[in-house]
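Protein chains in written order, with the working numbering: chain A, 1 to 322; chain B, 1 to 305; chain C, 1 to 329.
No lab work stands behind these hints, which were simulated from the structure alone.
Predicted model, so just to flag it, every value in this text is computed and none were measured.
Hints may be right or wrong, so weigh each one.
What follows is a set of in silico ranges between Cβ atoms, one per label pair, in the way DEER data are often shown [stated by the list, open to error]: (1) B:Val130 x C:Lys131: 27 to 35 Å; (2) B:Phe77 x A:Ser174: 39 to 47 Å; (3) C:Arg147 x A:Ile106: 36 to 44 Å; (4) A:Ser230 x C:Ala151: 47 to 55 Å; (5) C:Asp144 x A:Ala2: 20 to 28 Å; (6) C:Ile275 x A:Ile157: 53 to 61 Å; (7) C:Asp144 x B:Arg31: 35 to 43 Å; (8) A:Arg217 x C:Gly74: 28 to 36 Å.
Just so it is clear, CB atoms sit at the ideal spot from N, CA and C, and this is done for glycine as well.
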Amino acid sequence: MASLVRYVIRRLLFMIPVFLGVAILTFFVGNAAGNPINLIRAGLRNPSPAVLNALEVYYHLDKPVWLRFLYWLWDLIHGNLGVSTSGRPVLSQIGPWTFTTLELQILSLILAVVIGIPVGVFSAKHQYSKSDYAITSLAIFGYSMPTFWLGIMLIIIFSFYLGWLPSNGALSVSYPWWGSWALDPIAHLILPTAVLTYVSLATIVRLVRANMLEVLRQDYILAARASGLSERTVTYRYALRNAISPVVTIIGLGFGAAMAGAPGLETTFSWPGLGYAFTQAALNLDIPLVQGITIIITIMVLVANLITDLVYAVVDPRVTVT
Amino acid sequence: MSQLREAVKLSERQSRRAASQWAVAWRRFRRNKSGVIGCAIVVFFVLVALIGPFLVAYPARSYQSLYEGDAGDPPSFKHPFGVEISGIDVFSETVDAAKNDLYVGLAATLITTVIGVALGALAGYFKGAVSDVLLGVTQMFFVIPTLLLILLFARVFSVLVFKGLGLTLIVLILSFFGWSSIAFIVRGETLRLKDMEFVQAARSLGARSFRLLFRHIVPNILSPVIVIATLDIAGFILTEVVVSFLGFGDPNTSTWGLLLNEGFPYVRTTWWVALFPGLAVVICVLGFNLLGDGLSDALNPRLRE
Amino acid sequence: MDEKILEISNLRTYFFTEAGVVKALDGMSLEVNRGQAVGLVGESGSGKSVTAQSVLRIVPRPGRIVEGSVKFEGEELLTKKEDEMRKLRGRKMAIVFQDPTTSLNPLYTVEKQLVDILMLHRDLTKEDASKQALHLLERVGIQDPERRLKAYPHELSGGMKQRIAIARALSCDPMLLFADEPTTNLDVTIQAQVLELLKQLQKELSMTMVMITHDMGIIADMTERVTVLYAGKVMEVADTSTLFKSPKHPYTEALLKAVPSVKQTRALEVIPGNIPNLISPPTGCVFHPRCRYAKDICVKTEPTLENVDEKHLVACHFWRELSLEGKGR
């Protein structure tokens with residue numbers, strides 16, 4: 001138990017320089033985009049000199065760059081993410097976006113894991129069978145396509161051609177899909193979730209299958225069978241448990257990557273989440289917003305990684321020793 | 001003592017006789033159907049990239065079809081993939097884009113592999129602070145939301161600083177964020193090999209570090225590196241597609257992602273603009289993935305009685 | 001006692017791989033009497049491990065038992081249903097594997113691995129099973145067993161791990177134990193201890209033991225009767241002392257010559273050539289490419305197992321003519 005706690009603390013300590021690294025990259029690159037005043041000026045109509053002065057002071061433009069960075073960081077730590085060039089504070093907008101993104105990501109992740117692990121195990125146990133080939137082929141396709149493109153294709157088929165499902169947004173505006181406001185969000189969720197789940201599934205199935213194949217080859221599995229344990233016990237309690245640890249890591253990393261990868265899919269579905277907001281902000285050079293979203297996503301990814309590390313440590317105790 | 005020398009000579013001869021190891025791997029590879037298919041697809045795309053542009057009817061980024069009155073036409077004999085609303089012939093553009101997408105994939109992979117192998121090998125061999133720092137840095141890159149930062153960098157730099165670079169800017173940015181995974185693997189493999197007996201034997205005979213590194217260790221890490229590099233090409237192409245689709249790429253150079261970006265707003269009516277370039281991406285990336293898998297099977301023999 | 005506890009006849013186990021069909025066992029036979037310590041000797045690739053796996057019917061894919069008969073206590077095993085086999089595995093027969101680092105599950109404590117088996121076959125509660133496990137560790141000579149019980153395999157030394165593997169195999173008092181190269185991966189000093197332990201346990205439990213090894217020294221030390229296996233076929237079968245004193249098969253002679261002895265003055269003789277390709281094995285007598293006495297008929301015709309006398313069998317065309325060198329013991 002103690003080693004587990006120590007391990008978690010070590011991971012937390014590691015996250016701090018990572019967070020700082022991202023903060024530095026984000027801030028300085030964002031800063032290179034230009035004087036924030038000019039950017040804001042582009043957003044506002046005719047700011048009076050008084051407003052401009054106030055903004056100058058607010059952004060500490062009279063101070064050198066590295067000092068500005070520290071001010072920004074200080075604000076960050078206190079929860080102040082700055083003000084976007086549209087005038088609204090960043091923090092206030094992030095809440096709903098975060099929820100919308102997480103809604104999609106977490107649902108897809110859960111589905112992908114729940115479906116992917118048994119399918120991967122099945123595929124490994126029946127290696128070389130027709131079903132195995134079918135599953136691996138489907139997986140490698142899912143793995144080779146841009147997620148958002150699949151989204152576009154499904155929109156063409158299910159929204160434009162068949163008209164069964166909505167093609168944009170998370171909620172309808174005037175008329176609820178399927179005639180019910182309760183069902184409306186679900187209708188909107190179906191296509192993007194399907195796309196994201198399929199693509200995540202592809203990776204998970206491949207990984208579980210590869211690891212299971214590796215593990216099933218091991219002596220201790222042979223020994224477990226030699227002891228008379230049932231095939232079911234050997235497969236699920238022994239082999240899967242051994243195969244799962246790298247899968248846990250990848251799921252964690254994958255979650256992080258998916259969060260970061262949200263832009264493409266969300267843009268396709270006009271899904272009002274963090275990815276979509278980020279893309280719009282970056283295109284408009286709304287630097288404070290960009291920085292704010294990046295930081296939030298980074299924090300979420302780091303938290304996801306910490307949780308993954310914890311789960312990993314519980315599954316495979318060896319890792320707490322190294 | 002002479003036996004020791006024999007052992008070292010054997011290892012060096014094995015690196016040279018690696019030629020016959022490759023022969024074995026080649027035979028294994030040929031047996032692997034999907035690997036061969038992947039190879040065929042890759043070769044096909046390379047040919048398309050190199051020769052295609054000379055064979056297609058419309059030059060790159062040409063709005064000629066607009067003047068021919070074909071703008072927005074669905075696929076036909078004249079325009080196999082249809083025409084964009086703006087008058088760009090999708091088929092010609094897709095073919096033209098092949099070389100650009102391949103360029104991004106291959107160039108980024110080349111850079112990241114060279115940097116990754118160099119840094120990884122050095123870090124794995126010369127332990128100490130440098131190695132740990134590298135480890136930390138690679139772990140950091142694993143964790144951060146790279147796509148977002150890539151987008152940010154692409155937007156900022158393309159607009160403000162490096163205007164003339166076009167796709168090469170994307171290549172550089174992708175490389176900046178992409179070298180760490182190879183470095184991590186190479187570092188791990190180097191560490192593992194460094195402690196193996198054949199290296200210690202060579203060292204005890206007076207071989208110096210660089211000779212050890214290049215004659216003994218590097219040839220043994222080539223196999224995983226080749227596999228990773230192949231899969232990386234696939235990954236970089238996919239990333240480029242997303243970047244260009246979102247509008248962060250180079251608007252003057254045709255890439256499949258750019259085509260998707262142009263086609264998406266009008267996808268309700270001109271759906272072919274979204275379909276065909278996307279299919280090209282899928283098949284091309286599939287080719288590299290299959291090739292990578294085939295290479296992985298061929299180069300990493302697993303004992304089968 | 002002359003009661004046969006294990007009777008294998010004409011066993012063929014093939015592996016259907018991408019590269020071709022590997023004939024790991026190609027017509028192998030073995031007879032073991034109750035309470036005996038029997039040896040199965042041969043080079044790596046001769047099919048020794050596959051024999052044990054075939055008896056327990058846990059041959060890993062892509063392997064399959066293609067033909068033959070395996071009788072345990074008079075009952076045919078190859079026609080039994082899977083759940084019947086499972087009742088026998090670990091309970092009536094067990095295997096100790098070669099490498100304890102890979103044969104113990106790295107993710108579970110020693111206790112869990114032992115308790116799982118005890119609870120499966122013996123219908124004990126968890127507490128009782130734990131107590132049994134402790135008792136088992138003491139029996140295989142592990143010091144400080146309470147602490148070792150809670151340990152993970154990677155925290156233990158090679159010798160200790162192998163003792164635990166032995167404890168696991170013996171946990172339900174099997175009647176038949178296959179020891180598959182149990183000491184090959186251990187230090188020489190530990191080897192002797194583990195072999196001693198096996199010998200002692202075999203006597204204590206009146207267990208039948210099949211010692212699978214490539215080391216003639218171990219055969220001499222541990223077994224009463226021995227079968228020599230090459231390329232999946234039986235070359236010679238005899239009482240251990242007879243085999244050593246007057247071997248009748250050239251392969252046996254070569255194996256014996258390869259064992260160093262302190263009094264030896266000439267150089268060790270190496271068996272020339274490599275283990276045969278089991279996908280396309282040599283024609284006629286499988287050993288002919290490496291046999292110094294081979295003649296034409298050896299290339300053409302496969303020799304059958306013939307009786308030298310009631311307890312000594314050999315598969316060689318020229319066993320009557322050859323006078324082979326043994327090792328006086």
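Quiz item: Should the hint that Arg217 (chain A) and Gly74 (chain C) are 28 to 36 Å apart at their CB atoms be regarded as holding?
Solution: 34 Å, holds
Practice problem: For Val130 (chain B) and Lys131 (chain C), compare the CB-CB distance with the range 27 to 35 Å and indicate the outcome. | Solution: 53 Å Cβ-Cβ, so the 27 to 35 Å window is violated.
Quiz item: Between Arg147 (chain C) and Ile106 (chain A), does the C-beta distance stay in 36 to 44 Å?
Solution: 43 Å, holds
Quiz item: Holds or violated: 47 to 55 Å for the Cβ distance of Ser230 (chain A) and Ala151 (chain C)?
Solution: 27 Å, violated
Self-check item: Consistency of beta-carbon spacing, Ala2 (chain A) to Asp144 (chain C), with hint 20 to 28 Å
Solution: 21 Å, holds
Quiz item: Do Asp144 (chain C) and Arg31 (chain B) keep their Cβ atoms within the hinted range of 35 to 43 Å?
Solution: With Cβ atoms ~53 Å apart, the hint is violated.
Quiz item: Is 53 to 61 Å right for how far apart the beta carbons of Ile275 (chain C) and Ile157 (chain A) are?
Solution: Holds, since Ile275 (chain C) and Ile157 (chain A) (Cβ atoms, about 59 Å apart) stay within the stated range.
Quiz item: That 39 to 47 Å hint for Phe77 (chain B) and Ser174 (chain A) (C-beta), does it hold up?
Solution: For Ser174 (chain A) against Phe77 (chain B), whose Cβ atoms are near 43 Å apart, the range 39 to 47 Å holds.
Of the numbered hints stated above, those contradicted by the structure are hints 1, 4, 7, listed in ascending order.
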